[in-house]
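Numbering (my numbering), first residue to last: 5 to 330.
Treat the hints with caution; some may be incorrect.
To be verified - Only pairs whose alpha carbons sit at most 35 Å apart, straight line, appear in this in silico DSBU-like list of lysine-lysine:
id, residue 1, residue 2
1, Lys-98, Lys-143
2, Lys-259, Lys-143
3, Lys-143, Lys-39
4, Lys-135, Lys-268
5, Lys-128, Lys-259
6, Lys-106, Lys-123
7, Lys-135, Lys-98
8, Lys-98, Lys-39
9, Lys-123, Lys-268
10, Lys-134, Lys-268
11, Lys-98, Lys-128
12, Lys-123, Lys-39
13, Lys-98, Lys-123
14, Lys-134, Lys-123
Said to hold, decoys possible - Estimated spans, in silico, between C-beta atoms of each pair:
id, residue 1, residue 2, range
15, Glu-149, Thr-56, 36 to 46 Å
16, Ala-240, Asp-214, 12 to 22 Å
17, Gly-66, Ala-245, 16 to 26 Å
18, Leu-244, Ser-76, 39 to 49 Å
It is worth saying that the hints were derived from the structure and are not from the lab. Glycine included, every Cβ here is placed at the ideal spot set by N, Cα and C.
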Amino acid sequence: MAMLLMNMVLVPAVSAQTNENIGINAECDDFSIEKEYGTLFLEKMGYSVELTSPIPLNNLEGNVEAVAFSISNGGYIIINVNDLSVPEFSTTNKSPFIDGNKSYYYNGPLAYVEAEELKNREIKTTYIYKKEKVSKSKKLMELQEAATEAQKIQTLSSTSGILSHSLRTWEDDDIYCGPIAAGITLIYFDDYHDDDFVATGYENQNDLLDLIIDNYIDNSGAYSWELRDGLNSYIADRNLANEYSAYSTSFDYNKLMSLINADKPIDVLTNNHPTFDDHWVIAHGYYILTVPYVDPQYYIIVNNGWGANGVNVLMDDYLVSQVWIE
5 MAMLLMNMVL VPAVSAQTNE NIGINAECDD FSIEKEYGTL FLEKMGYSVE LTSPIPLNNL
65 EGNVEAVAFS ISNGGYIIIN VNDLSVPEFS TTNKSPFIDG NKSYYYNGPL AYVEAEELKN
125 REIKTTYIYK KEKVSKSKKL MELQEAATEA QKIQTLSSTS GILSHSLRTW EDDDIYCGPI
185 AAGITLIYFD DYHDDDFVAT GYENQNDLLD LIIDNYIDNS GAYSWELRDG LNSYIADRNL
245 ANEYSAYSTS FDYNKLMSLI NADKPIDVLT NNHPTFDDHW VIAHGYYILT VPYVDPQYYI
305 IVNNGWGANG VNVLMDDYLV SQVWIE
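With the sequences and hints as input, model every part of the structure.
So, in structure tokens, the structure goes:
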């Protein structure tokens, strides 16, 4: 288990009373507390950035639940307006919310849809992203005090781990997320564990994904057992069944950490998207923040299934199962 040391930046205290009742009328709010909190949160992570272009995000009940900021040098961060939790951020990928004139629904990490698009669509998920209100000024002050204390001791440690190499960033509008997750996992094993995993003629996106959907995993929504069984059939056909197997369980953070530490990616199923419910992502890292939080904040770093690595998502009940090879 790796230990990541992060330098802290001392930030002057600010008045945090301008938007304590956020969520009632977003049009009258500049999200100043959220901006201050997000800036300090990222500085605590080692990033000195400016947050711009706040866009309010509604929950499925139609109330403002979160705000998305663009990060000055690339990236985005989403902050819950009720409890200042940070469900999702990336320092490398563009914000999925790019038009300030549009309204958006947000149902937790990676679950976003334009309001106009949702008008005539059935909501398929039963997961509802909604947080209880807390004193935001108090929570901001706690983070400021943690920064001050960390300045005195110079460093703050956080448990973390990451794969040794980057995942492929494959995407294809005509192929479902399950086969894509399987393909990215298989090619990682071929690249960095055992070059017998993928035959030479299939070591590319198009041929490997076509092979998967034609023979092993249907190009449709895949349950965890379907992904697992398809991978095991593939492994058997590659004459690797004596050395490797695919497994599936409900989401298990401890198992995820052990696999990442062993340089093995994990396919993780989410069930919070408003219009298609389930979605497969590929975990390639994790970290646990412990200061100043009473309860540790457990994050996983994922390939979002749409062509981007490095998306940090906060653990919650929307993470339902996982499939892996070892």
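Tested hints:
1. Lys-98 <-> Lys-143: holds, 27 Å
2. Lys-259 <-> Lys-143: holds, 31 Å
3. Lys-143 <-> Lys-39: holds, 13 Å
4. Lys-135 <-> Lys-268: holds, 33 Å
5. Lys-128 <-> Lys-259: holds, 29 Å
6. Lys-106 <-> Lys-123: This hinted pair holds, its Cα atoms lying about 13 Å apart.
7. Lys-135 <-> Lys-98: With Cα atoms ~25 Å apart, Lys-135 and Lys-98 stay inside 35 Å; holds.
8. Lys-98 <-> Lys-39: holds, 18 Å
9. Lys-123 <-> Lys-268: violated, 40 Å
10. Lys-134 <-> Lys-268: Since the Cα atoms of Lys-134 and Lys-268 sit roughly 33 Å apart, the hinted pair holds (cutoff 35 Å).
11. Lys-98 <-> Lys-128: At roughly 27 Å apart (the allowed maximum being 35 Å), Lys-128 and Lys-98 satisfy the hint.
12. Lys-123 <-> Lys-39: holds, 30 Å
13. Lys-98 <-> Lys-123: holds, 25 Å
14. Lys-134 <-> Lys-123: holds, 20 Å
15. Glu-149 <-> Thr-56: 36 to 46 Å: At roughly 26 Å between Cβ atoms, Thr-56 and Glu-149 fall outside 36 to 46 Å, so the hint is violated.
16. Ala-240 <-> Asp-214: 12 to 22 Å: holds, 19 Å
17. Gly-66 <-> Ala-245: 16 to 26 Å: At roughly 51 Å between Cβ atoms, Ala-245 and Gly-66 fall outside 16 to 26 Å, so the hint is violated.
18. Leu-244 <-> Ser-76: 39 to 49 Å: holds, 46 Å
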